[in-house]
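When you get a sec, could you build the whole thing from the sequences and use the hints?
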Amino acid sequence: MQVSSLNEVKIYSLSAGRSLPEWLSDRKKRALQKKDVDIRRRIELIQDFEMPTISTKIKVSRDGQYIMAVGTYKPRVRCFDTYQLSQKFERCLDSEVVTFEILSDDYSKIVFLQCGRFVEFHSQHGHYYKTRIPKFGRDFSYHYPSCDLYFVGASSEVYRLNLEQGRFLNSLQTEASESNVCDINPVHFLFAMGTAEGKVECWDPRTRNRVGLLDCALSSVTADTEIEGLPSISALKFDGALNMAVGTSTGQVLLYDLRSSNPLIVKDHHYGLPIKSIQFQHQLDLIISADSRIIKMWNKDTGKIFTSMEPEHDINDVCLYPNSGMLMTANEAPKMNIYYIPVLGPAPKWCSFLDNLTEELEENPESTVYDDYKFVTRKDLENLGLAHLIGSSLLRAYMHGFFMDIRLYHKAKMMANPFAYEEYRREKIRQKIEETRAQRVQLKKLPKVNKELALKLIEEEGEEQQFSKKRKQKNLPSLLKDDRFKVMFENPDFQVDEQSEEFRLLNPLVSKISEKRKRKLKILEELEAQGQEEEEEPEGKASDAESSESSDDEKGWVEEVRKQRKLLRQEEKLKRQERLKEDQQTLLKPQFFEIKEGEEFRSFKESAKKQKLMKKTLEDRLKLEEKLGTLNVSDTTVGSKQATFKLKKSEQQRKQQEAEKLHRQERKTLRRSASHLKSRRGRGRLFH
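Going by the UniProt record's numbering, the residue at position 641 of the sequence shown is 641; the numbering climbs one at a time, nothing skipped.
Please keep in mind that the hints were generated in silico from the structure rather than gathered at the bench.
Here the structure is a predicted model, which means the values were calculated and not measured.
Virtual Cβ for every residue (Gly too), placed ideally from N, Cα, C.
Hints should not be assumed to be uniformly reliable.
Lysine-lysine pairs mimicking DSSO-like chemistry, simulated, CA-CA at most 27 Å apart [unchecked claim]:
1. Lys486 <-> Lys428
2. Lys349 <-> Lys109
3. Lys59 <-> Lys135
4. Lys57 <-> Lys135
5. Lys379 <-> Lys413
6. Lys428 <-> Lys448
7. Lys59 <-> Lys335
8. Lys428 <-> Lys481
The calculated label-pair distances, taken between Cβ atoms and stated as ranges, are [stated by the list, open to error]:
9. Glu559 <-> Glu452: 17 to 25 Å
10. Val211 <-> Gln47: 42 to 50 Å
11. His313 <-> Gly391: 23 to 31 Å
Pasting the structure below:
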């Protein structure tokens, strides 16, 4: 039995656990039950409550004795007797069943709508009659006052088959192209059908006229919903005379009052899957709606979620056992699920033992974990050496940790700590020995942790006991025996560090307070022994003495604290000197720095200046630039300010400019010397 809890609602899955194959003999089944603990502990409420492949529909007879289910493969119907907790009979059919209806109180009259347009009638002994409807049917309802069957399907007509006369009657002509579901109100027998266009048409069977039309597709679209196509009606259910619930193919459930065209509540499943089934639970005013993935229970007045269930396999149909907390589902799996929810109601009378069983489980709660899986945190994975598996398929992330296979966990634990079992065995033996020792006469022993503190408490306790005996007072509970402070004398993490600065500064005060308390106890004992009466004069003298003593104590305490502080300072100085010696002894290795391209290194001082300049605010940097002459700030005519910057030349650019200047000067001197030589040659020719 698996137990799950959502919103503090306990849900017991009675069909959880492994099932035995049908082809096994009784002898082998008994042998397996002896060997396998899981098979032995499972609860098989109804024997062989399953189908060969899948189950499509499940219903309970009106007397509550029989549960009927249809499924494949081969197409078949199975009837289970709750009084015998076993299968009553099984009948195979020619084609798959779309839906069926139990017309009688027991299993003696059943109607099956099959996928091949066939309508098959069964009586108590078996197959009775078979007929065919013109178009493929999807759902039908039985009108008890007139004995009429109303069939809806892939047609605009609603076919009527009268079982008293044994013939088809005139069909009802609707505006819909196709119809998916239908239902008849159990109070005033109003016939309602849900269409593929997202509308609900209501007909009066007495006059065979349409009396109402609801556009549910328009009402299902709200601000929060995201719909890709036009919603069609996939489920329909009446509750009493005035309420009706409608489920759409896009995952919305609409609750209507027949006197209004607007829905009272629109509940979205948020999965976008068609609603398969709608049930009403009257004790708690709940609506149980289900799509293929989830079953939701919510309050029909407020829409607040009560609880929900997510089975392992897709859901085809949901059946609520009348006047109880039992819920059954038909799934895309061989096994049909049975759930028991004690909050919804008591267990049925044929399985009343479930109430006692669940009460015992609630009295002895156990931590619920997934079967065959172990929850581990990231720290556990690091200790086991499995941190590299994070992100793989072997770990399933959940909350603050991961789920992993219990077999892998045990293997890794054995490899990480092969002597874990031996340590566990030794620890258990030690605990057993200590338990036996506790029964003997025990001597007073100091604990392993905080021995000095425990000794101090024992001495103070003894003094207080002697004083309380004389005054005939009750003894106060001891800290050593108090469970709240038990860990302080067992866990080494709570060990008082007497060398710490806090302890050394507080210890003089604690010691003075304890001495003062001892003095008071002695004074009170002397007063009681002498039997003196309280008078004003001695009381005044005692107060003077106490004040003088307290002042002396305060002076002594202050001096003690000063001494401790001086010692702490001296210790800090010694530590600094030792660090300096170590630094001097250690040889510093040279460090190399990489200079950026286009920059030249001059000295560390310039880099320090740059860093200081970068730390300054923009205002300070602008003032500095103005002083250096690289910035010029001037007021404009409009009233704003204009700032012009002169870019600083780098060292490389400056050197390049100086080289160009020298080159120009050299060229000028060369030109002058050349012109001077030419002029001298010209003069020499004239003289010749």
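* Which numbered conditions among the earlier hints are violated in the structure presented, ordered from lowest to highest? -> Violated: none.
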